[in-house]
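Colleague: Turn these sequences into a full structure, and let the hints guide you.
Take a look at the letters that make up each chain.
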Amino acid sequence: MSRYQLDARRLLCPLPVIRTQERVEQLGEGDMLDVICTDPGARHDIPAWCRVNGHEVTGIEERGDELVITVRVGAQT
Amino acid sequence: MPEPRKAVALISGGLDSLLAAKVMLEQGIHVEGINFFTGFCVEGHTHAIRKKDRARPKRNNALWVAEQLGIKLHIVDVIEEYKDIVINPRHGYGANLNPCLDCKVFMVRKARQWIEEHGFDFIVTGEVIGQRPKSQRADTLPVVAHESGAGDLLLRPLCAKNLPPSRPEREGWVDRDRLFDFQGRTRKPQMALARKFGFTDYAQPAGGCCFLTDAQYSVKLADLWKARGERRYELDDIMLLKVGRHLRPRDNFKLIVGREDGENRFLHGYRKQFAHMFPVSHKGPLVLIDGKVSDDDLELAARLTARFSQGRDAERVDVEVRLPDGRNRVLHVQPMAGEDVPKDWYL
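Heads up: the protein sequence lines correspond to chains A and B, in order. For the first sequence, numbering that gives the first Met the number 0 gives the first residue as 0, with consecutive numbering after it. For the second sequence, numbering that gives the first Met the number 0 gives the first residue as 0, with consecutive numbering after it.
Warning: the hint list may mix true and false statements.
Below are the EDC-like pairs computed for lysine to aspartate or glutamate, each with C-alpha atoms no more than 20 angstroms apart in a straight line [to be verified]:
1) 195(B) to 66(B)
2) 71(B) to 25(B)
3) 241(B) to 222(B)
4) 71(B) to 116(B)
5) 71(B) to 6(A)
6) 5(B) to 170(B)
7) 109(B) to 21(A)
8) 109(B) to 151(B)
9) 71(B) to 28(A)
10) 160(B) to 176(B)
11) 71(B) to 21(A)
12) 82(B) to 236(B)
13) 71(B) to 24(A)
14) 82(B) to 229(B)
15) 342(B) to 229(B)
Quick look at which bits of chain A chain B covers, simulated, 3 or more residues with Cβ under 8 angstroms [as the list claims (entries may be wrong)]:
16) 8-14
17) 35-45
18) 48-58
None of these hints come from the bench; they were simulated from the model. Even for Gly, the Cβ is constructed at its ideal location relative to N, Cα and C.
Modeller: Encoded structure:
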């Protein structure tokens, strides 16, 4: 298991979701990805994308105007 | 038991594609959704930018549909490839700068490529004959199937009974008798089917989910092309067309005026790319200046900036100007009176 970071700041939804999707496709099951966003819409969209695609959001942290959404990568089919 | 046949469904987030995918799931087909992000999607952006919209429940409708259906959703970035569709639509535009028929051909073609790459059997869309004036007519549905290369691997479950049987029907992958014969602009059959499936809270975007169907947005895009002397755009351009009040006082420049804090904050992200100004003696907007400007232009822009500030009735407003080369200065200007701003400056 490894931990990675994705800078999705200044991107507006659904681009943070698309960039998360592209990054997750390169990772393995159990890997963790911290997605840093500024679009508040990502708070809903990234967890929704994770739910439908079998990944898990393990935490959402606010850092000033930034959000850090942590994704645990699920099994990829 | 044999593996179920696999279909990819184009999911816009609206009712028709929700129902089309659901009809396939009911027939035991393995369905995954695909959604294309062109840059013009209404989804998301404006909700995220404007403060007043932040209080509204915010959701990505395509993801919401996928959740309702319990299917995977693949969101595909087609921003670059889509430019050619917007700039050179083979079949022309609809009422505004909406290239709906070319757009549908493009998306089905992308879906065809996707099923080839992922080992899926066919493509499903929520198209209904007569539903949309440009892209969903009896004479244009075959154009979509033919020009996309999808041919008879394209199944429209909501109006399939009005069309020749597709390959999934002929091969018995799906039961044609359990497909539908919807036709025309009425939404009643879709709403009845939604009730039957227990869907109550679905999105019904007027004119679709694309900014190109919006008359005011199209005016701004046409203005951008005219001012540049060529039909091209970057993602930042089309994002900025969604934000703020746009005024073109002179041919050589345009102003983008933040209307509230959320928009001002969004425009702040573009300060390094654009000359910009903001009032310092009064509360007011951040204004981006798109174009090459003279001192006289800056004076006019500052008077307009003052006009949209809380100092609009003051004798003088101080407006700080910051140019991309790093030079800053403060202009002391009289706010322009509302009646002195010609209506045709507003885009």
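Colleague: All hints are to be evaluated individually against the structure, with a verdict given for each.
Modeller: Checked hints:
| no. | hint | verdict |
| --- | --- | --- |
| 1 | 195(B) to 66(B) | holds (18 angstroms) |
| 2 | 71(B) to 25(B) | holds (16 angstroms) |
| 3 | 241(B) to 222(B) | holds (14 angstroms) |
| 4 | 71(B) to 116(B) | holds (16 angstroms) |
| 5 | 71(B) to 6(A) | violated (24 angstroms) |
| 6 | 5(B) to 170(B) | holds (14 angstroms) |
| 7 | 109(B) to 21(A) | holds (17 angstroms) |
| 8 | 109(B) to 151(B) | holds (15 angstroms) |
| 9 | 71(B) to 28(A) | holds (17 angstroms) |
| 10 | 160(B) to 176(B) | holds (8 angstroms) |
| 11 | 71(B) to 21(A) | holds (15 angstroms) |
| 12 | 82(B) to 236(B) | holds (12 angstroms) |
| 13 | 71(B) to 24(A) | holds (14 angstroms) |
| 14 | 82(B) to 229(B) | holds (13 angstroms) |
| 15 | 342(B) to 229(B) | violated (25 angstroms) |
| 16 | 8-14 | holds (count 5) |
| 17 | 35-45 | holds (count 5) |
| 18 | 48-58 | holds (count 5) |
When the structure is compared with the earlier hints, violations turn up for hints 5, 15 and for no others.
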